[in-house]
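Undergrad: Residues per chain are reported as follows:
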Amino acid sequence: MFRGLQAMALKELRQLRRDRVTIAIAILIPVIQLIILGYAISTEVKNVTAVVVDLALNESSQELVLGLENSGVFILQGAKLSYDEAYQAIVDGDAKAAFLIPPGFAPDAGDEQSRTVQVLVDGSDSTTANYVMSTVSGVSQELSQRYITQAGIVGAPGASVQVRTRVLFNPQLRSTVFFVPAILVLILHMPLILLTALSVVRERVEGTLEQLIATPISRLGLMIGKLVPMFWLGVLEGAGVLLVMVYLFAVPLRGSLPLLVVLLLLWVAASLALGLFISTIARNQLQAVMMSILVIIPSILLSGFMFPRESMPAIIYPFTYLLPMTYALNIVRGLVIRGTGPLALMPEIVVLTVFAVGMVVLAAARFQKRLG
Amino acid sequence: MSAATTISINEVTKTFGPITALKDVTFDVAAGDIFGFLGPNGSGKSTLIRVLCGMLAPSSGSASVLGYDCARQPDQVKRHIGYMPQRFSLYPDLTVRENMQLYGSLYGVFGDELRGRIAKVMDRLSLTQFQRQLAGTLSGGWKQRLSLACAILHDPPVVFLDEPTSGIDPVSRAEMWEILLELAGEGKTLFITTHYMDEAERCNRLGYIYFAKVLALGTTEELVAMPVVTPEGTRWVEFLCPGAARQLHRILAQPGVLDGTVFGNNVHLQVKSALGDDELARSFSNLLGEDISVSPARPTLSDVFVALTEESKRDV
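Chains as they are written, first to last, in my numbering: chain P, 13 to 384; chain A, -6 to 309.
So here's chain A without its partners, still in its complex pose (with noise of 0.2 Å):
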């Protein structure tokens, strides 16, 4: 283990019963990362965060925090790091200044200083509008800045996010991040789960998991650029073309192409890389009846993680 790092995961598994939540997982985040860590439902994300927030011991394998062992010291990691779960846990009969009083004297802060830490975070958050406001009356993206406020109350320079933004909207998701990435700026490790892919290219490394296993590990350039994702004699391509999802059917069926998606009016295509450009723009010009001009294209995030996914369950 490194000076820079703060969560070691070495050999884990976990099973529950005939049930495997995580088998022989091994990585490390440094200080200071915003980790992404991504995968279908099921696949053993919450598992591995409650193992390394000493929640859950783990089968075999050992992981550490900050230097402790998350299953012999489970005090200890808890005492340093903050936990925000999937669901909201908070108690919806009190207020969120009563909630957040709770879970500061719960780590050790009370008195002068647990009121100043409160009135720091609901600044920060802006929750001090609602401060006398029962917690279970606030709408989901409100939910969730308490609970991340809850988290973040002792100021832990590790925090865990199980899906910080699944169920809110758009502007309280975009609020929700420049949140993160402030608490980013100060140093902090931040964990993170989460379906969104535009989330994922925020994080500065990421990691994928799919049924208990990792499949893959490391910045997003690193991902894209794997060889399963682009394999040999294919290439990755996109055009515009209006009303594409409609042509999505037949563009597929064209000779060459391999896999695609359409974002707006975005076509994203995998091709064979013995077509050029200007072939597949004349190929496509004459399907579509429209003058198209094909550019080549990064393979996306979510390229990867299909491509990942296709590539485990061959291996089955």
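One chain only, chain P, in its complex shape (with noise of 0.2 Å):
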């Protein structure tokens, strides 16, 4: 019944041993992710960037901001906001909360309105605005605690610092807001990075590329010529998810429309141009797809995909900017949830754009080394 296994086994073995690229990643991937998910990853939220306007600029309003600076939860800028302006560094991603504290804020104040701190909360990601949300009420309470007791009995016995919170763009804080448009970005990656690293691969393997490098082809119209019908996969399977994004799942697009279809065509023209890449460096099929699922996996776990970037250890952080997928969600995310513009997206737009045309040019550049 198993005759021959011990044989079989015995020469997968040895073809195993043979491709020592395939062994490394596939050591390397476990540990990899048991790093990330082990090290960097927490569900506490850290680390977020919140601005600040102080209309008050009082003993109190101080003390307030001191509260919210020690629950450690907060990274605090900009005092000399207008409220615009916080709501606008907001939209465009540079914080992801803003503390409005009134003229004349007093916890005893006899109007209300200088009582009330307004938060502004993006509510693009569930979890860190509910976070927020309760940080907050606890940082308040606490300073309506410590006034009372400071006042005595005798004091207002009203006395109570108020929080009114809006969240914006996902009032009811569904996750499917969060998520959805990050799947989009996920699908117009990982299969067109599979595809494209397999299929060049392939040419090389079977012995197809020796006879089409006997022709006149250049090296740019090869490889470009191959990406064309991918880059068009990669549109279908956008079209798909943006319809299904916005009607199913019920996201609404709150940012230009044309604007977003040129940026993930921006992103499927960089998943390529990294499947191509990636092809140029792998030297059979199963080493191309080891060499995607290396890169793959840090782009789900450390690209904000699932959990945010804010709160990953300092050490982690800065690999968070070398995966092109961290720009890619910065865009999209942005523009879908916030309505974000493109001059807020410029920074993004152009590291991925770097990014793609580097990695052809290196493609091109090493399938030269590759035929001699």
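There is no bait here: all hints are sound.
So the derived list for chain A, only partly shown, Cβ under 8 Å to chain P, looks like this:
| hint | residue |
| --- | --- |
| 1 | Lys71 |
| 2 | Pro78 |
| 3 | Leu83 |
| 4 | Leu99 |
| 5 | Tyr100 |
Worth flagging that the hints you see were computed from the coordinates, not collected in a lab. For each residue, glycine too, the CB sits at the ideal point set by N, CA and C.
Dock chain to chain to rebuild the complex, using the hints, since each chain is given by itself in its own frame.
TA: Okay, structure coming up:
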């Protein structure tokens, strides 16, 4: 029943032993996964960038700001912003929350308005938003408590800090609003990298490249020619997910649709370019698959796809900038959820463009070497 | 380079790391030649073809095809040549016609002209009946034909064929050669590598490469007449003898017999020239108990290559 098993297993072992790259990556993948999952990722929320608009600039407002700072959740910035600037900072993705302290802020003020801190929260990520809201209410309660204790019972019995929260973009805090645009990004990344990497390696392994390079075809003609059908495949995929996102999951598109389409095409191009580059390093199909996984796993775990990048340890955080998906997520979530404008997305757009062009150039350079 | 020279190779050396694949290779191929390039596996045949096709730059030396430098003008070279690789390198998941369309377009043939060329080449190679079949489902001989079809679709004046008949049946092989001779008849220059001696004899010029070095160049007659094949004091003879293969070891043990082999019932021997035909006939008749008549013979190409290889081994 098991005749030949031993011989077959030995043959597989021998073949595997000759493919060192595959073994190395096969070992590397779980190690990287373990490090990321065990070390970099926690559901705890930290380092939430927030802006403070302090129109009071008095002792009470300073106490409140100090309280927020001491919570360890926020990185507070820009005390001299206007309300509109604070709002724009959230739209542009520069801040996830804004605290608006009214003029003459005091917990024991006679009018309700002077006792009330207004909080704007970016609702894109419901986890972060909930965490922000509970932290703020904790801080305000503590402040009220302290005030009452300080003033003694004789003080104003009604002394308290009121918090009025406005959740922007996703008032019901639905997690689909956060995840569906990210899935759009992932779906245009993972399969396209794999398909491209495999298709070029296949030409080499099956020997069809030999006949191709005997023709006057140019290197760029060959490579970009291979990418064109994949590009259209990506376009179809993207269109499908976009329709599902808007009509099935009811995630509204706040930004400009033409801009989103253009930037998704840029993302498709960047993914294809990365796949092409992998194909020039991999010697066989298995290596191409392993190398693609090596890129995709950190992309899912570290790009902010599932876990907020801000909360990751300082040693890991810089690595999140090495992943193209980090930029694509910023772009797509910004455009879809918050309606971010092209100007605010410019750094991400530039990085992705440079990445795509760079990968094609690198691939072309490496490809020439492989012929020799 | 004379006007009639199509391929010119000048001291080409190609190394891959520590391995020398070609060492100071120098020769020309004239326009209209069927040049047969022979040598054992791994001796550098395919490497030279890749250099000549502009796919591989030589480490030193230079080569040109139709006046275009293979290293500096590879695109010009590629445009004017056809290349049929040793291994089937077309797309198994495209049909015969689709493969031809691809290669026609890659060589810059489009539209009506492409349709016309495909029809002509398909007709010539009898591929029309298979045009809608996936290339991967063709048998070996037909795959080679398709491969040739793709290589000549753009009507190149020079065609490089790397073992075009390896692994196909004798009938397909013969048919392939009919087509090749026809192409040569149109004035195309063919550069062919092969392991078959009968194919080598069809070529009007031959080169023999052994361990990166070209050991001999010339027509079949010139090669056969090389002194190394028939050293002084030796000559070649042959005689008919039923069941020759069973007797060969006894024949080779006879005094004065230097080397020999068997073709069917024909014994082909290198002997000391001091021994005359009659003398040999007597001694073999005695040995084999049959009436043997010995006649002088011409060394075969195979003898030539064995002699060259032996000599080269002695030199090392």
